[in-house]
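Spelled out, the chains give:
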Amino acid sequence: MSLLPFIASGIGLGAVYALASVGLVILYRASGTLNFAFGAFGGVSAFLAWQLAQDDIPAPIGWIVGIAVSTALAYGYGRLFAPRLAHRDRVVRAIATLGLALFLFGGMALYWGIGVARRLVLPTDLSFVVLFGVRLSYTRLIALGLSLGMAGGIGLLLSRTRLGLGMRALASDRHISAAIGVRVVQIDSLAWLINGLFAGIAGILLANINRLDAGTLTFLVIPAIAAAIMARLSSLPGAFVGGMVAGMIEALLIASSPVIANLRSAGPYIAALLFLMIVGVGQGVGARE
Amino acid sequence: MNEMSKAAPIAALEPAGPEISPQLRAITIVVVVGLVSIVIALTCGGYWLSNFTQAYCMALAVLGCALLYGQLGLVSLCQWALVGAGGWVALRVYHYIHPPFFVTILSGGVGASVIGMIWGLPALRMRGLYLALVTLMLAAAFQSLVTVISFPVGGPGFLGQVGASGNDRINMARPIFAASDTGYFLYVAVVTVLCIFLVEAHRRSKPGRAWALIRKNEQMAAAAGVRIVFYKAWAFALSGFLAGVAGALLAGLFGQLDASAFPTTSSIVIFIGTLLGGYDVWLGAFLGGVLTRFIPALLIDLNVNTNVGFMIFGAALLFALRDPLGLGGQLTILAERLYGKFQAQRA
Amino acid sequence: MIKIDALTVRFGGIKPLDALEAQFTAPICGLIGPNGAGKTTLLNVLSGFVTPLEGTILLDEASLLKLSPRRRVNLGLRRTFQQELVVDELTAVENIQAIADHVSADYASARREVASALDFVGLSSRRNVLGRHLNLYDRRMVEIAKTLIGRPKVILMDEPGAGLNEAETEQLRRLLMEIPSTFDTQLVLIDHDADLIASVCVETLVLDFGKRLAMGPTRAVLDDPVVRHAYLGRE
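Protein chains in written order, with the numbering used here: chain A, 329 to 617; chain B, 10 to 356; chain C, -2 to 232.
FYI, nobody ran anything at the bench for these hints, they're computed from the structure.
Per label pair, the in silico range of CB-to-CB distance:
no.: 1; chain 1: A; residue 1: Arg416; chain 2: C; residue 2: Thr5; range: 37 to 43 Å
no.: 2; chain 1: B; residue 1: Val171; chain 2: A; residue 2: Ile442; range: 25 to 31 Å
no.: 3; chain 1: B; residue 1: Ser214; chain 2: C; residue 2: Met174; range: 31 to 37 Å
no.: 4; chain 1: C; residue 1: Ala105; chain 2: B; residue 2: Pro109; range: 37 to 43 Å
no.: 5; chain 1: A; residue 1: Pro386; chain 2: B; residue 2: Thr156; range: 37 to 43 Å
no.: 6; chain 1: B; residue 1: Leu44; chain 2: C; residue 2: Ser122; range: 33 to 39 Å
no.: 7; chain 1: A; residue 1: Ala507; chain 2: C; residue 2: Gln79; range: 20 to 26 Å
no.: 8; chain 1: A; residue 1: Gly480; chain 2: B; residue 2: Thr156; range: 37 to 43 Å
Beta carbons are placed, not taken as given, at the ideal position from N, Cα and C, and that holds for glycine.
Build out the structure end to end from the sequences listed, making use of the hints.
Encoded structure:
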């Protein structure tokens, strides 16, 4: 059987995971918080976009509203709640976002239900190009392009601008950065804003490529984390590549035997687990003394 | 020899409470759990009795989770998956050899303990966030796996499945003397008390002391001669054992287990219960576990969508993080203060 | 007895210890020097937390290099630290038992050693008080009691007197003086209280910039103009 169709779907899924992974790493580097609610933010964005389309509002407005709300949610959390936990350790801050994720998941499931088969249809689904014998819908191409573009853009922001310098300083040492005048709250909030923006876009794309389901979207965050882990939670290019790899693995597992196909969602996790065990955790978050 | 320290005392960090002897603690555990259980047994009918039995099982799971978090500061987000693993092993053993019920329970406990160690050992070298992430991913992987292989129902082969019709499913039998719903609930209550004793015994002896040293400062503990990996593994094993026992008891309650009962979110909810109840005292695990079952059961009873439960738990987590004591911790402090006053009045 | 030879430690561009050579032979020895002289680094090297670039350290003729901190404990090395290491959730006796669990030869000697250590530091009446309810002096006593378990040979103490008032320091002084004879062990003491060092330590090593500035009978060292200059020259 030809693997090419699966590669095509792998590219789309991989692009979404890459976007999510980059978003997670950026926020982690700037604020030391791993945002478990990333997928949930994306879900809110996707559901709002879908709902507005159902109510006969032009699709682009739906997307903008969805992305805007997701961004606002993230910014709001980062501005209002996260600072209260700023003095706690990383695990506690991450667990807090898990609570937020659960809260949003419950809300989405409550309002829109679970297990209903829906997909967020985008106009770019209908057109496609054929590259190396593989049919790639415009959506998938856009996903890839957006992913690359946003990751690259953020990379430039971090390395070329004063703001980026501030974010890198914060990641390196929060207390000292605050002491020398780096605007901690401002930069933190910005990092959350970027996170929400990435989440909003990733959510809409995943709702299209995979399905519009509260559970699927909320738990998008898990393979994204797996990818981010493979980038040691620090390297942006690594996060991007990790995401693409995770998506590819998942897509290719569908191509293999039916039994393994059912287990495919465990693919990224096992990969990350093996990675951690074999390569080790290196410096940073998980390292021993 | 040390009169001077009384002459010019510097204030201690907190005023000392009354001394609680191990005997008093043991009696308190039996009395509290016993009274609550008797009240439930006498007043509850089928729906609530079943839910409270499940609640006690969740309390066991929380007890294990609280052990890891309270004693060692390790976040485990896969505890409910281990409950499922324990249930699977218990069902598998039951269908193979039909042993006495307590043997089935032990096998579930040991099975989950071993599985927990297998996936815990690589993670032992990771700390903090990575451990939490790895356990979350494992819970998700378990959900995938068990959805595919399902739970043993008396069929042939290792997986013990029967055909799609499901008519040939065999239920796991309860112990003869605890076959009724009330009887089984009380059986579960007794097991819960025994497990609490098991944990308390650990805390008051060598492993508990070693865990405390490790949590205070791992490097210093190693320098003092504590074998870090060994004691962490022990904590994982005990935590897994408790989860496995819970799984076996659940299997006994329903006769079968269903994969849909073991989603990733349940492991997260167990951790939330750990924080809400308070991870430092046994009462915290008991209350936390009961709450995590009680709230959804109440919502169903009131015809409220269970997703509201997720919203409640999510919000509760956000606020529980601000208070390390939890409900159980607060109650315990209150009780100790009252006891201290009582002792002072008697003296 | 501890013998140190040509000991050098390097962190990046700094040498906290620079070709240090010294011997601790007296029952109680002092280790003093201005802030940043390398005193705690020396203890960290002895404990095994810091690997020296070069040099040798011998404990009773046995080389400590390449031995893990735990192995050094087995050889009889003990240590207290500047920071707080009493576990709040354990009682005083449990804190000490936690150490005995891993250094005492067996259960019987563990019980004996814990009881005698508690008694020596005067905490017997407060053995069941939780760590979080102990005041500073009692916490220090717990730390000292922990070092007395399991037949210590050399105990390194890093500022045991910090934060204690006069009466408590006097009590500490009396305690420290009795340790070598009661437990057949050597004591090496860092502290900033010159009176404590002078009254307790037979001989003292003075460090400055990671090098040995002076070593000898404590009174002579403290009166040495070179040493005074090193301290006063800083202020």
